[in-house]
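Listed below, chain by chain, are the residues.
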Amino acid sequence: DQQVKQNSPSLSVQEGRISILNCDYTNSMFDYFLWYKKYPAEGPTFLISISSIKDKNEDGRFTVFLNKSAKHLSLHIVPSQPGDSAVYFCAASEGYQKVTFGTGTKLQVIP
Amino acid sequence: DVKVTQSSRYLVKRTGEKVFLECVQDMDHENMFWYRQDPGLGLRLIYFSYDVKMKEKGDIPEGYSVSREKKERFSLILESASTNQTSMYLCASSLIGGGSNQPQHFGDGTRLSIL
Chain A
1 DQQVKQNSPS LSVQEGRISI LNCDYTNSMF DYFLWYKKYP AEGPTFLISI
51 SSIKDKNEDG RFTVFLNKSA KHLSLHIVPS QPGDSAVYFC AASEGYQKVT
101 FGTGTKLQVI P
Chain B
1 DVKVTQSSRY LVKRTGEKVF LECVQDMDHE NMFWYRQDPG LGLRLIYFSY
51 DVKMKEKGDI PEGYSVSREK KERFSLILES ASTNQTSMYL CASSLIGGGS
101 NQPQHFGDGT RLSIL
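Taken in order, these protein sequences are the chains called A and B. Residue 1 is where the first sequence starts when you use the working numbering, and the numbers rise one by one after that. Residue 1 is where the second sequence starts when you use the working numbering, and the numbers rise one by one after that.
Looking at chain A on its own, in the form it has when it is part of the complex:
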């Protein structure tokens, strides 16, 4: 049972435009959400996170929005750059140890 879902396997966006990556979850006990970015042949790297008590967190060009009632979060990248082309994983945790990852969305930013 996939508790964290990323329904779009891929996304293409023009350079300079906004990229919106979506993530849905089913476990209402998740209390922390994270986004990781992965380049080919490298491990994932942490990008941005949000606590369940907030609805928005911003870090430079990256903003994560959380809609708890809809069990939905999204990552906005503005403006998108070619270097943002990577696979993005949504992740969620319940408690303080185990993290559940989504299946990933491959973002391609076209110059």
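Careful: at least some of the hints might be erroneous.
What the hints assert, rightly or not - Straight-line distance between alpha carbons at most 27 Å, and here's what the computed DSS-like set of lysine-lysine pairs gives:
hint : chain 1 : residue 1 : chain 2 : residue 2
1    : B       : Lys18     : B       : Lys71
2    : A       : Lys98     : B       : Lys53
3    : B       : Lys3      : A       : Lys106
Just so you know, the hints here were simulated from the structure itself, not pulled from any lab data.
Knowing the structure of chain A, use the given hints to seat chain B on it.
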């Protein structure tokens, strides 16, 4: 900077062999994790450890075991390798509280092929 080092980038083994994947972290992190990444399935947790000699099963522990004799080292063991264990294996570490505001730091992965 946190460094998580996986002993091999690529590994080819035969069916039935006992396979060891090693992972070392240099930041005194309490938590360590082993995942496998497969197309369309994302990252799936195999085992994790929150202290020396402690281990917890993840979502897909069957066919695997782990060892954590020292805080900095976490080994994944395929007791009798099978072709369905061909995958990318990723090790990660984090401070205690690895979900809540303590992100995991990943190694670059080991691509394991079982022939």
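Pairwise hint evaluation, B/Lys53 against A/Lys98, where the allowed Cα distance is 27 Å at most
holds, 18 Å
Does the alpha-carbon distance linking B/Lys18 and B/Lys71 stay inside the 27 Å limit?
holds, 23 Å
Is it true that the CA of B/Lys3 sits at most 27 Å from the CA of A/Lys106?
holds, 25 Å
The structure agrees with every numbered hint stated previously.
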